[in-house]
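Participant: Next come the chains, spelled out residue by residue.
Protein chains: 2
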Amino acid sequence: MSTRKIVTIYDIAERLKLAPSTISRGLQDNPAVNEKTRKRIMAAAAEMGYRFNTFASNLRKQRSNMIGVIVPRLNSYFISSMLAGIEKEINSAGYDMLISQSLELEANEIKYARAMLNNRVDGLIVNLAANTRNLDHFQEYSRHNLPLVFVDRVFEDDDFNKVMINNSRAGYDITRHLIEQGCRRIVHLTGSLMRNVYQERKAGYQRALAEFQIPYDEELVLETELTEDASAAAAEKILKMKNRPDALFVSNDMSAAICMKVFKDAGLHIPQDIAVAGFNNEIISRLSDPMITTINYPGEEMGRTAARQLINLIEHKSDNDLTKSIILKSQLVVRGSTLKKPTTNL
Amino acid sequence: MSTRKIVTIYDIAERLKLAPSTISRGLQDNPAVNEKTRKRIMAAAAEMGYRFNTFASNLRKQRSNMIGVIVPRLNSYFISSMLAGIEKEINSAGYDMLISQSLELEANEIKYARAMLNNRVDGLIVNLAANTRNLDHFQEYSRHNLPLVFVDRVFEDDDFNKVMINNSRAGYDITRHLIEQGCRRIVHLTGSLMRNVYQERKAGYQRALAEFQIPYDEELVLETELTEDASAAAAEKILKMKNRPDALFVSNDMSAAICMKVFKDAGLHIPQDIAVAGFNNEIISRLSDPMITTINYPGEEMGRTAARQLINLIEHKSDNDLTKSIILKSQLVVRGSTLKKPTTNL
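Which chain is which? The protein sequence lines are A and B, in order. Take the first sequence: its position 22, counting from 1, is numbered 22 in this note's numbering, and each next residue is one higher. Take the second sequence: its position 143, counting from 1, is numbered 143 in this note's numbering, and each next residue is one higher.
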């Protein structure tokens, strides 16, 4: 096994018969060193295999140029769009992204929040795990005055910076649309009600029902993990309900598409027998047959916005003491899966 | 704006009237310090807001405990499954993941490979961009004896470590299956033919045609970016071909589902009028109607394998001088979208 020989500025200085300080300045492209010499230094550094040490130089500056990101999981379309947005924004500002997935568990989130702090991230972006009970594990960031931005899944009433959409409004819009299509017995299939995004969508659903004087029936709210298996199981449960529901509002398009497939396989017609609405405007909502009514939910833009907000805080372009909540727009997108009265509404 | 006061071991030493060296050992949980004192030190550190400096301690050890990952893009199902696998493996081994997306451009890949080297990653995992011409930008890693593992999109004949599937075999299997279903005019819709994964699938397609003495027609191979728009455009092009093809083999399920939708919207029946096969075994292949014949492609397992290989190299549990190519299994999954003769084949 070959051993790693570390080339230092002293080695380069010796080779070129120059002072180490000149080499150091030359490597930083400092104009105090004339251009010809700078080029010679760079050429020698490249030839000798000198490794620029951003890591050490960042340490001296008390800056790692790394931004931590904690998400519930990596293999979800919404999360990966959000990450793509974060990455674009921070990379163009000269930061790198350190990333961990909590796998929906608070215990992992606590562990990673601490690991990232110890790794000297300059700031942190968090999308909360399904079962996180409080934000105590992020208080350390505030103590160190390290910027923190929550995105999408947040605690809405705390003092942290956050980027989100108006989930209650979105849940209201979609439920109202279903009611206007003549639906009265509307099932709501949701993720963990400990999370604002699902809580708020459900609140919007309840508000629309109340407005149209449709009694709220707790048995019509199904809380699951929204995985492939859990979604199919929920659809089977709906099929077996005595008084079959006439509509289903799911908090996620992929899950809505899975339910729709189960309904179709059982011989039901969509939307005539049961209308189905999703959430997120993922590609799957446009590929399903019929296409799925959904909420256009700007994942990439949410990521970019959170990253921009964080960078401004890190670089003191905005004030960390002024907490900001940024609410991005989302829109109801009406498609075939809910259109029982196509001509009156489009 | 409040200023960040950095608490040092000297502050803790002063508070507890102990030597700084004792504090240092206590914070490292060194048994040379008795347990009661260690607890006092930990309590004072927590109370005063001392921030453990993994970053600096790693610098002393010449180890960052960070693994770099460069992928073409973050918002793809296959890539995010792969990342989920990498992350699980490296996190349980005590590493963190630093991640960048090349956005399919070699220029970005070059930039990020250098940035990660300068950030002192302990090793790098790469899935190549669409237009990368050579691996010169990774030679620096070899010079520094830094482990490097390519995953999925690799240069198959070089001396780097790699994890992949047998794409040629997979392309052959799927094409042979289409021929056995009676298809003779088979379009192949592929991504950038600069990349091994697409080259090899195409080679398998050609090999199957040759074996069954079906002449190869270059006009039936469509090279695109496999985006939503490019896939729909390719499907439109197929619909307009004079002598309409009887099958389509697409290098990606999402793209296959998009084509199938265009065909169905044009009134064609799948698979009677045109059989459609995809690649990856994404959820979409199970949700489409009919379900899509595909290749089961173990993204998460590829990520885990690459990460394990890299960690073994970093920790000298395996020898970097013995280059390894790991080829994982993939399987043909036959479904309704290609079954013109269902009874004979299942």
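To be clear, the hints were calculated from the coordinates, so they are not data collected in a lab. Hints may contain errors.
[As the list claims (entries may be wrong)] Here are the simulated DSBU-like cross-link-like pairs (lysine-lysine), alpha carbons at most 30 Å apart as the crow flies:
| id | chain 1 | residue 1 | chain 2 | residue 2 |
| --- | --- | --- | --- | --- |
| 1 | A | Lys264 | B | Lys264 |
| 2 | B | Lys36 | A | Lys111 |
| 3 | A | Lys111 | B | Lys329 |
| 4 | A | Lys111 | B | Lys237 |
| 5 | B | Lys340 | B | Lys324 |
| 6 | A | Lys317 | B | Lys111 |
| 7 | A | Lys88 | B | Lys111 |
| 8 | B | Lys340 | B | Lys264 |
| 9 | B | Lys88 | A | Lys88 |
| 10 | A | Lys36 | B | Lys88 |
| 11 | A | Lys88 | A | Lys317 |
| 12 | B | Lys264 | A | Lys341 |
Participant: Does each hint fit the structure? Answer for all of them.
Facilitator: We went through each hint and held it up to the structure:
For the given pair, A/Lys264 sits about 17 Å from B/Lys264 by alpha-carbon distance, which is consistent with the 30 Å threshold. A distance of roughly 25 Å separates the Cα atoms of B/Lys36 and A/Lys111; the hinted pair therefore holds under the 30 Å criterion. With a C-alpha separation of about 34 Å, the suggested pair A/Lys111 and B/Lys329 falls outside the 30 Å cut-off, and the hint is violated. For the proposed pair A/Lys111 and B/Lys237, the alpha carbon gap of about 52 Å is over 30 Å, so the pair is violated.
Straight-line distance between C-alpha atoms of B/Lys340 and B/Lys324 comes to about 41 Å, which puts the hinted pair past the 30 Å bound. Only pairs whose Cα atoms come within 30 Å are accepted, and A/Lys317 paired with B/Lys111 is accepted, the gap being roughly 27 Å. A distance of roughly 14 Å separates the Cα atoms of A/Lys88 and B/Lys111; the hinted pair therefore holds under the 30 Å criterion. Annotation: proposed proximity of B/Lys340 to B/Lys264 holds, straight-line Cα distance about 16 Å (limit 30 Å).
Under the criterion of a C-alpha separation no larger than 30 Å, the hint pairing B/Lys88 with A/Lys88 is consistent with the structure, at around 24 Å. In summary, the hint linking A/Lys36 to B/Lys88 is not supported, as the alpha carbons are separated by about 49 Å, beyond the 30 Å threshold. The suggested pairing of A/Lys88 with A/Lys317 holds, with an alpha-carbon distance near 19 Å, which does not exceed 30 Å. Taking the CA atoms of B/Lys264 and A/Lys341, the gap is near 23 Å; set against the 30 Å cutoff, the hint holds.
Hints 3, 4, 5 and 10 from the list above are not met by this structure, while the remaining hints are.
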